[in-house]
Each structure stands twice: as C-alpha cells, then as structure tokens.
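With the hints as your guide, set chain A onto chain L.
2 protein chains.
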Amino acid sequence: MNFSLDIHDLSPNSARLCLAVEQFIHGQLGFDRASRLLLAVSGGADSSALALILRILAPRLGLELSAMTVNHGLQPDAACTAAAAAAFCARLGIPCTTRTADVAGMAAREHLGLEEAGRHLRYAILAEERRAAEADFIVLGHHCADLTEDILMRLTRGSGWPAMAGMRARDDSRHLLRPLLCCKPHALRSILREYRFVWREDISNTDMRFKRNRMRHAVIPLLYKENPSLDSTMADLWRLAQQDRDYWDKTLAEITARHSWKKDPQGLCLPKEMLQGLHPAVRLRLYHKAVSSLIDGTNGTCHGQARAGTLTALDTALQAGRGETRFQLPGGIEASIHKGSVYFCLPGKLVRHNTMS
Amino acid sequence: MNFSLDIHDLSPNSARLCLAVEQFIHGQLGFDRASRLLLAVSGGADSSALALILRILAPRLGLELSAMTVNHGLQPDAACTAAAAAAFCARLGIPCTTRTADVAGMAAREHLGLEEAGRHLRYAILAEERRAAEADFIVLGHHCADLTEDILMRLTRGSGWPAMAGMRARDDSRHLLRPLLCCKPHALRSILREYRFVWREDISNTDMRFKRNRMRHAVIPLLYKENPSLDSTMADLWRLAQQDRDYWDKTLAEITARHSWKKDPQGLCLPKEMLQGLHPAVRLRLYHKAVSSLIDGTNGTCHGQARAGTLTALDTALQAGRGETRFQLPGGIEASIHKGSVYFCLPGKLVRHNTMS
Numbered sequence: 001m002n003f004s005l006d007i008h009d010l011s012p013n014s015a016r017l018c019l020a021v022e023q024f025i026h027g028q029l030g031f032d033r034a035s036r037l038l039l040a041v042s043g044g045a046d047s048s049a050l051a052l053i054l055r056i057l058a059p060r061l062g063l064e065l066s067a068m069t070v071n072h073g074l075q076p077d078a079a080c081t082a083a084a085a086a087a088f089c090a091r092l093g094i095p096c097t098t099r100t101a102d103v104a105g106m107a108a109r110e111h112l113g114l115e116e117a118g119r120h121l122r123y124a125i126l127a128e129e130r131r132a133a134e135a136d137f138i139v140l141g142h143h144c145a146d147l148t149e150d151i152l153m154r155l156t157r158g159s160g161w162p163a164m165a166g167m168r169a170r171d172d173s174r175h176l177l178r179p180l181l182c183c184k185p186h187a188l189r190s191i192l193r194e195y196r197f198v199w200r201e202d203i204s205n206t207d208m209r210f211k212r213n214r215m216r217h218a219v220i221p222l223l224y225k226e227n228p229s230l231d232s233t234m235a236d237l238w239r240l241a242q243q244d245r246d247y248w249d250k251t252l253a254e255i256t257a258r259h260s261w262k263k264d265p266q267g268l269c270l271p272k273e274m275l276q277g278l279h280p281a282v283r284l285r286l287y288h289k290a291v292s293s294l295i296d297g298t299n300g301t302c303h304g305q306a307r308a309g310t311l312t313a314l315d316t317a318l319q320a321g322r323g324e325t326r327f328q329l330p331g332g333i334e335a336s337i338h339k340g341s342v343y344f345c346l347p348g349k350l351v352r353h354n355t356m357s
Numbered sequence: 001m002n003f004s005l006d007i008h009d010l011s012p013n014s015a016r017l018c019l020a021v022e023q024f025i026h027g028q029l030g031f032d033r034a035s036r037l038l039l040a041v042s043g044g045a046d047s048s049a050l051a052l053i054l055r056i057l058a059p060r061l062g063l064e065l066s067a068m069t070v071n072h073g074l075q076p077d078a079a080c081t082a083a084a085a086a087a088f089c090a091r092l093g094i095p096c097t098t099r100t101a102d103v104a105g106m107a108a109r110e111h112l113g114l115e116e117a118g119r120h121l122r123y124a125i126l127a128e129e130r131r132a133a134e135a136d137f138i139v140l141g142h143h144c145a146d147l148t149e150d151i152l153m154r155l156t157r158g159s160g161w162p163a164m165a166g167m168r169a170r171d172d173s174r175h176l177l178r179p180l181l182c183c184k185p186h187a188l189r190s191i192l193r194e195y196r197f198v199w200r201e202d203i204s205n206t207d208m209r210f211k212r213n214r215m216r217h218a219v220i221p222l223l224y225k226e227n228p229s230l231d232s233t234m235a236d237l238w239r240l241a242q243q244d245r246d247y248w249d250k251t252l253a254e255i256t257a258r259h260s261w262k263k264d265p266q267g268l269c270l271p272k273e274m275l276q277g278l279h280p281a282v283r284l285r286l287y288h289k290a291v292s293s294l295i296d297g298t299n300g301t302c303h304g305q306a307r308a309g310t311l312t313a314l315d316t317a318l319q320a321g322r323g324e325t326r327f328q329l330p331g332g333i334e335a336s337i338h339k340g341s342v343y344f345c346l347p348g349k350l351v352r353h354n355t356m357s
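Line order of the protein sequences matches chains L and A. The first sequence maps to residues 1 to 357 in the numbering used here. The second sequence maps to residues 1 to 357 in the numbering used here.
The shape of chain L in the complex, shown without the other chains:
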C-alpha cells in the first residue's frame, strides 16, 4: 500500500466525510465495536467509497472487514467488473470473494423483472456468504440520492407510512447496514478521486428499461428544480419515518405483550380480543407486523410488501363485520376474517380457523 489510510492524513473534506459516517454509525446504526462486516462491492463508485471509508474507520471502530462481489452475468464485461472490484479490495487489504449469479435464469424461472431478480439473488447470495463468513452484518453502499429515489418509488408503488420513507439504515432481521445514507454521491466520488482510485460506471444505470433509472433520470431532476435541497428534505422525511417506525414498534410490542398472536406453520392469527378497542391506525400497523413476521419466517421463499390500500380494505371489512371476504397480499399470503379475528395464511396453506382461534 503506497498511500495512507490514517484519517489524519486526509484532506479536510474527506476527513469530514469519514467523520460524518462515523457519527451516523454511532447515532443511527449503533452496532458493537469489533463487529465483523461483509461489504457488498461492485466496482462502482458507491461501494468502492464504502470500502475505502470503512477501511479508514476500521481501526477507530474496531471493525473486521471482508467483501464480496456478485457477478450478475448480465453485461458482456460483468466478469471484468467483478475482477476490478476484487482488485480494489485487495489494494485496501480487504479479503474479497467473488460469486456468480444466474439472474437471467432466475428472472425467467420465477417470472420476475431482471431488476427484481437481480436484487433477490444478490441478497440471497450475500446472506449465504455472511453466514459462511460468520459476519455480523452485510454492509451496503446506498447514499442519500438512493434514499430519494427509493422514497419516490415507494410512494408511486403504494407503500404506507412509515414504510414509504425508505430503506432502513440498520435492518436486524436481514442483518443489513447502510452507513452511507447520510452521504451525497458527489462526496463519495471526491474521496475516491483524492486517492486517485478509479471506479467503473455501471452502464445499466442509464438503462431506461429499469424503473429506478427512469425515476433517477426523468422524474427526480424535475423535483430538484422545485427544491434544490431535495436530498436533505427527503433525509428529513426519512428520519421522521425512522422515529415513527420506532414508535410503532414500541406501541405494538406493548399490545402483543398483553394479547399474544397465534402462529403455526400455516399462518398467523390476530385474535378478536387483541384487535378490540384499538384505533384503526394501530390495527393497520398490527396487520403489517403480522405480514412481515410471516414473510421473515419463510427465509426468503416468500417476499414483498403489503400495499397500504389492501390492509385498509381488510380493516374496513373487519369493522363492517364482513366475515367471508379474502384479501390477496404480496408473496401469495391470504388474509381472511372469522368471528372478529384476522387470519394471515401462507401461500398453499389452508387456514384452519378453528384450531388457531
């Protein structure tokens, strides 16, 4: 290594960036010293900056780093890009594994878009590697412009609140960390330039067949014209959502401590006594929690996020005493009402109202 990774040797701007990430880690992520982190790297600017910044912070935070790059095989130079990511990690002294993923095959098999198939497969491989490497967390390079895109996409898709305001900085159920959510993308490129590190521009980032790119290149520039501080505004909304998420987690924990729900391999039941007397806003969050709990329990074979409108319709049916309506939720989960209790049933399972209630 012919360069210094000591924070004291950085330019003021780069030092400030690293310290902002350190502060975000302390304030929002709060993981333990001496954590083992698996970095997801692609050879692009964001994940390269992630590796560099965490490598600089590693001695200060007592981190043990390893990395992994997934060759999606979608572009002709995919193997080359994966090799560049591995070489970048080698220069930083971070051990890096390369894995190949058949995204096109999965997309065809499971009738998914390339974007969605790529995301599911990448997370599945990262999760496997995390367990193999005995790492505490997978670390992703999402930054504040990704947050803005994510909020717009969730808003358009019909996520409710607080899910709408974007991805988590720390997701314990999936062992994910996103320490760069406080960073602007140009700052990440600046620190790479300061080290004269080169990165590869992912050509798929300009492919307008992908919804994320249409948001990034067509919609968001128009919103920036209305509000040049759009990223900060979205970051404020994100912080509010994290706070609300924490509030609802605590409120629901109190309720499920009083009246526990009933779970079996077929599904989950929210008993009548639990739902009675609750404000509709609380019931809605209980439904969300129940669906997430079911989805989390399938270890990735079932995925998706319930639209706010579907769960509201379920609650309207409950309030109106309409017993026999069934509601289709993402991942093939089915919701139904029986004698004032609400049932969520996994795909292909038969709900047994009698044994569960």
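Please note: incorrect hints may appear among the correct ones.
Same chains, same label: a pair holds when it works inside one copy or across any pair of copies.
[Stated by the list, open to error] DSSO-like mimics (lysine-lysine), calculated; alpha carbons at most 30 Å apart, straight line:
hint, residue 1, residue 2
1, Lys250, Lys211
2, Lys263, Lys339
3, Lys184, Lys211
4, Lys250, Lys225
5, Lys225, Lys211
6, Lys349, Lys272
7, Lys272, Lys225
8, Lys262, Lys289
9, Lys184, Lys262
10, Lys211, Lys339
By construction, these hints were calculated from the structure, which means they are not laboratory data.
Structure of chain A alone, referenced to chain L:
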C-alpha cells in the same frame, strides 16, 4: 329550468358519481342534515360539477346552498369568467355573489407569488362571505387528481407525516369541506357534458410559471406511466394519513388533558413536565399542534406550515440539552428552549420565559 335535477333521471354513470359523493359525505365529512353550504365556484369544470352534484344531492341531504365567485383580475377575461360562473349558478337556482380581489396588489405588498397571494386572498374573502351568509361551511371542488398534485408538492416542500398526505376533506378550524376528493376529474366533466353544460378552461392551468402546473403537466404524467392507478394509490395514502391524523389528535388530546400547555398573547409554552417521558415521535406532533394553534389564533395574519426537518432539529436540541438555540418557523414564529420547556413565540413578540413557565 328545462332539465331534471332528480337523481333518478340521471344516466347510470352520473347517478353512480352522485351516490359516491353522497357516500363520501356520510363517511368522511359527516356534517349535519340541513347544513348551509357556501360553494366556491369559478366557472371551471371542477367547481361547476361541484355545484351541479350538490344541487342534485341537496334535497336528499337537506342542504341549503349559496355560491360565491371571486374575480382575481389576473386575466383579461376575468370579469367574463366570473359572470359565467354566476350565470351557471343561476341556471341551477343557486344564489351567487361575485367579489373582486386585487391579487396582484396583495402579491406585491406582501412579497408573495401570484399563486400564493391568490390562494390566501380567495380564502380570506370566502371566509368573510361565509360569516356574512351565516353558512356552516365553504365547499371546494378539489378532486382526486388535485390530491395527487398536492401530495407531490407537499413531499417536495418537506411536509412531515401525516401533513404530507394532503388536504383535509373536512377542516373545522377553517370551515372547509371538499366532497369531491373521491372523484376523478373525467367523471366530473362527463356529468357536465350529460347536461350539455359548458365550462371555461382556466388558461392559467397551463401556465408553467406556476409550480402546481409544472407538477401536473411535467412530473405526474411520468409517475402515471409507472403506476396507471396513481390516483387510487394516492387516495389510499390520503386515507391512511387521515386515520393517522385522527390517531395523533386523540393521543395529543390525552396528553394535553393531563398537562396543559400555557398560552398567552405572545405565544405558547410546552412545559418540561409535559414533554418528559414522551417518545420523540409524540413530541414532534405536539410541536406541530402548538404551531398550528398559534397560527390559527392569528385569524389569517400569520400562515404557513412547519417543515418536518425544522421541528426535528428543535427536538434534537432539546434532547441534547442545548438551551440557547432559536429556530425560525413559518409565519415568523420563533421556537426556543429554556430549562427543558419549549416556547413558540409569535412574530414581533418577545418570549417571556419567566412569566410563561
């Protein structure tokens, strides 16, 4: 009148539209039978359909209708448009008053954009007329596409949740009703066409100097391409927000019943005992409620809506025990912290920490 206003004589589509509005009135607005309503009409399609639909529903709901049109004087044919609105009401047998507003003058005097000045002045004149006519509510013709625009504009501007998800269907502090929020604009035009009623297209609706029009004509069509049911998706989000608003109203009412805040002509104080032990998500809503209460008390001389980010920064300062920071809120309101209590002070007033706490 050479046409029938009996709902039984309408085409099935128009009857369905009227019944949907009636159902929305029962479910979301819940005002009393025999209410006196002042309709804001402009000669445009939305408010003309509002007048027609409410005229059809009036005997069923026992409504007493009057109308008012405001001549903004901004376009050369403004007087003509106001006259057309009045003539339309006359055909329906609804008494209509015309008032003239000097929007350009107010914009220059108060350093506001034409759009903002027009909105403030229109609401002020309508409020005056409502009191003079002893009407219970002012009724506005906003429909579900306006809701979508409004959500996008609030999101971009930095409104928090639930304020972000749009205008109220019923606003008791301003005596406003919006019974068409459940309607699609093309359905409103269809019922007018069925009656062979003509309406005037407001040429300012295509003026791209106005932010609302840039949202309507440039941003929203791109989002429709991603989600052709965007209006329904936004209506779902809106319903969720109304539910959450109700939840927070009730939760805050319980808190302010236990520990009341202190209000005097200078401003308002949230005492330390009230704030202690509350979740940050609750404290944030208390700040919002306090600011709204101050703004409402000024009878329109002070307006605006606090950005989520500013109130979060105030709360962070409170938690960190930073006493001497001051925060500028909309309408010139200033927030400050003193010995664990939070003060909101009206513009030009001096906060007196000692007498209030």
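Hints, verified against the model:
| no. | hint | in the structure |
| --- | --- | --- |
| 1 | Lys250 x Lys211 | neither (34 Å within a copy, 40 Å between copies) |
| 2 | Lys263 x Lys339 | within (18 Å within a copy, 48 Å between copies) |
| 3 | Lys184 x Lys211 | both (21 Å within a copy, 26 Å between copies) |
| 4 | Lys250 x Lys225 | neither (39 Å within a copy, 38 Å between copies) |
| 5 | Lys225 x Lys211 | both (21 Å within a copy, 10 Å between copies) |
| 6 | Lys349 x Lys272 | within (22 Å within a copy, 53 Å between copies) |
| 7 | Lys272 x Lys225 | neither (50 Å within a copy, 41 Å between copies) |
| 8 | Lys262 x Lys289 | within (13 Å within a copy, 38 Å between copies) |
| 9 | Lys184 x Lys262 | neither (44 Å within a copy, 42 Å between copies) |
| 10 | Lys211 x Lys339 | neither (42 Å within a copy, 50 Å between copies) |
Against the hints set out earlier in the document, violations occur for numbers 1, 4, 7, 9 and 10.
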